[in-house]
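Enquirer: Using the sequences and the hints, build the whole thing.
Residues per chain are reported as follows:
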Amino acid sequence: MIGYYISLAMRSLRGTPILSTLMIAAIAVGVGACMTVLTLNYMMSQNALAHKDDVLYAVQLDGWDPNEAADTPNELPWQLTYQDATALLRSDIPTRQVAMHRFGFTVTLDESEMRPFTAEARITTADFFGLFDVPFLFGGTWDAAADLSPVQQVVLSKATNDKVFGGEISVGKTINLNGEPFTVVGIIDHWDPSPKVYDLNNSPFAESEEIYIPFGLHRKFEIFSWGNTNGWSHSNEEGYEGFLQGESVWIQYWVELDSAAQKEKYEEFLTGHIRQQKEQGRFQRPLKFALSKPSEWLVLNEVLRDDNRVLGWLSLAFLLVCVVNAVALLLAKFLRKAPEAGVRRALGASRNAIFIQHLIESSCIGVLGGLLGILLSLLGLGGVRQLAMGKIDQIASMDWLMVLAAIGLAVLASLLAGLYPAWRISRTNPSIYLKTQ
Amino acid sequence: MLKMHNIRKSYRTDTIETHALRDFSLQVNEGEFVSVTGPSGSGKTTFLNIAGLLETPTGGQYLLDGEDVSSLNDRDRSRLRNEKIGFIFQGFNLIPDLNLFDNIDVPLRYRGFNAKERKKRIEKVLEQVGLSARAKHLPAQLSGGQQQRVAIARALAGEPRFLLADEPTGNLDSLMARQVMELLEFINEWGTTIVMVTHDPDLARRAHRNIQIVDGQVSDLQHGTIGAAREIA
Chain A
1 MIGYYISLAM RSLRGTPILS TLMIAAIAVG VGACMTVLTL NYMMSQNALA
51 HKDDVLYAVQ LDGWDPNEAA DTPNELPWQL TYQDATALLR SDIPTRQVAM
101 HRFGFTVTLD ESEMRPFTAE ARITTADFFG LFDVPFLFGG TWDAAADLSP
151 VQQVVLSKAT NDKVFGGEIS VGKTINLNGE PFTVVGIIDH WDPSPKVYDL
201 NNSPFAESEE IYIPFGLHRK FEIFSWGNTN GWSHSNEEGY EGFLQGESVW
251 IQYWVELDSA AQKEKYEEFL TGHIRQQKEQ GRFQRPLKFA LSKPSEWLVL
301 NEVLRDDNRV LGWLSLAFLL VCVVNAVALL LAKFLRKAPE AGVRRALGAS
351 RNAIFIQHLI ESSCIGVLGG LLGILLSLLG LGGVRQLAMG KIDQIASMDW
401 LMVLAAIGLA VLASLLAGLY PAWRISRTNP SIYLKTQ
Chain B
1 MLKMHNIRKS YRTDTIETHA LRDFSLQVNE GEFVSVTGPS GSGKTTFLNI
51 AGLLETPTGG QYLLDGEDVS SLNDRDRSRL RNEKIGFIFQ GFNLIPDLNL
101 FDNIDVPLRY RGFNAKERKK RIEKVLEQVG LSARAKHLPA QLSGGQQQRV
151 AIARALAGEP RFLLADEPTG NLDSLMARQV MELLEFINEW GTTIVMVTHD
201 PDLARRAHRN IQIVDGQVSD LQHGTIGAAR EIA
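Residue numbers (my numbering), protein chains in the order written: chain A, 1 to 437; chain B, 1 to 233.
It is possible that part of the hints are untrue.
[Said to hold, decoys possible] Covered, in the sense of this in silico footprint (three residues per stretch, anywhere, with C-beta under 8 Å from a C-beta of chain A), are these stretches of chain B:
#1 48 to 54
#2 108 to 117
#3 138 to 145
These are computed hints drawn from the structure, not numbers from a lab.
Heads up, the beta-carbon is just placed ideally off N, CA and C, and yes, glycines get one too.
Expert: What follows is the structure, given as structure tokens:
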């Protein structure tokens with residue numbers, strides 16, 4: 001009977017084209033607006049590291065101003081000082097650990113007509129690729145020794161390798177970064193988690209870096225951060241060394257801890273580190289640190305902000321308004337067809353059969369409204385991309401789950417809209433219409 | 001076949017209660033052709049709606065084929081209506097968007113017949129009413145008499161044992177009315193029990209038996225050519 005009801009629904013829709021178009025448009029506009037906002041929220045709340053959520057932790061230490069807590073939700077600085085990061089790197093407890101920050105280099109190539117360009121870089125330890133499951137196309141990462149000593153090696157992104165070497169296997173070749181030769185040791189495949197969980201200090205929706213450089217090169221190249229650097233006191237030492245040994249926080253730190261025991265041990269290690277620093281006059285605030293899972297890190301950093309959530313609720317309210325309009329239109333349409341329902345009742349249709357028939361007609365309107373709503377959502381997301389000038393291209397796009405969600409939402413909305421009209425028509429007394437038709 | 005005992009039907013508004021049927025008792029035997037007459041508002045249509053399971057009585061007992069249908073739920077009443085009862089209306093009540101084939105298909109769909117069985121039955125009844133060539137026409141493309149023949153075909157497609165006709169010739173000219181009446185008589189001869197509400201005394205006389213309803217009660221019986229006297233409470 002479902003097929004029969006669908007054919008009746010399509011016939012009915014064709015029979016009242018204007019009314020049907022209005023209903024489909026009401027659902028489509030509601031779904032379109034709603035899905036535009038929900039898609040943005042959904043994409044913003046994605047956790048690219050969900051598969052490692054139980055083993056990865058962002059590290060925060062409270063070495064901040066003794067007189068004033070850090071201005072963050074958990075009152076811990078987002079990043080670590082260089083001296084703390086290098087101290088933590090000496091621990092052998094984590095399975096993997098990453099100290100890193102964002103930087104940039106001018107890229108040139110000897111004996112090449114390639115125009116120099118500035119590349120976004122990540123200064124990081126070798127574990128970065130394993131800890132965040134970054135896939136390699138060719139080669140691999142540098143030796144762990146390069147994390148603490150100056151080794152001029154580089155890992156390129158696929159896009160950079162395509163740009164500089166035309167996509168060739170460039171492992172072993174040399175490129176110049178800020179005029180210094182670096183040997184290519186690996187090329188990673190396309191990898192662009194969004195939001196960029198591993199670095200939410202800078203734009204959470206920025207693209208991944210183009211080149212990756214060992215952490216041990218700071219002193220040689222006097223590398224600062226191209227992201228946020230926050231501090232609360234001046235260093236006693238002058239110059240770059242003073243910066244490295246100062247209280248400025250600019251290093252992001254992640255660890256991989258595979259078991260509860262390992263985590264407990266690492267927490268003891270952090271406690272010991274802080275106590276040791278306290279003895280040296282640092283860390284004058286109460287002993288406090290945090291290990292946050294990627295999912296917790298996203299929440300803590302408020303990637304999906306409260307105003308986004310409010311906008312989500314508003315869009316659902318707008319959909320509700322559209323549904324109420326659809327209810328009125330459906331009621332008008334169904335009641336106009338009440339005589340036909342009366343005839344069907346006389347010919348053997350039960351109230352339930354009439355109810356289901358009309359509910360399926362509502363669902364057909366929902367499916368058509370959903371498909372149109374998806375087009376409107378895509379238009380809406382296109383508009384958002386234009387407004388953001390390419391900064392959030394990755395999140396302002398629908399994946400298949402959201403396409404299915406749009407259709408599901410439309411069908412649900414139309415079913416809700418159709419419930420009362422379908423119930424009304426199934427409960428009307430057929431004899432009224434049989435005599436008067 | 002049909003036995004009603006002390007059936008009552010009343011309609012209530014906030015201020016008025018109207019008694020459409022009062023202590024209405026009637027028996028119709030299998031194979032009978034019964035005409036029902038009476039002034040407007042006497043309760044003829046209410047009787048027909050209750051007989052056709054479209055309305056439930058306020059009180060009394062209604063036995064259809066020996067089964068007490070007074071207390072059946074909507075699903076069972078709909079199933080019985082579909083299997084045992086055919087309707088013919090004054091206004092034909094064909095669904096305007098559906099062609100003749102699809103109109104006749106409606107009760108068969110609810111019966112759950114497969115496509116092959118439905119097609120066979122539809123073609124058969126269309127042939128019986130002489131409209132095989134018009135199967136794909138819409139009702140609006142037919143004359144009133146032809147539309148009523150389609151309605152009869154639709155009523156017959158499920159091979160009901162009981163046909164209820166509410167002024168089936170009321171909207172037809174005399175020639176077409178005669179043709180429809182002859183068709184009903186032919187159907188009755190093949191064994192289908194018919195109860196026909198009519199205002200036309202000539203048509204009423206052609207039935208085996210005439211029942212007159214006045215003020216919601218049976219006021220008179222005229223015995224036709226078959227059957228013995230029926231008990232009236």
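Enquirer: A separate judgement is required for each hint: does it hold in the structure or not?
Expert: Hint check results:
1. 48 to 54: holds (count 3)
2. 108 to 117: holds (count 3)
3. 138 to 145: violated (count 0)
Hint violations for this structure: number 3 only, all remaining hints satisfied.
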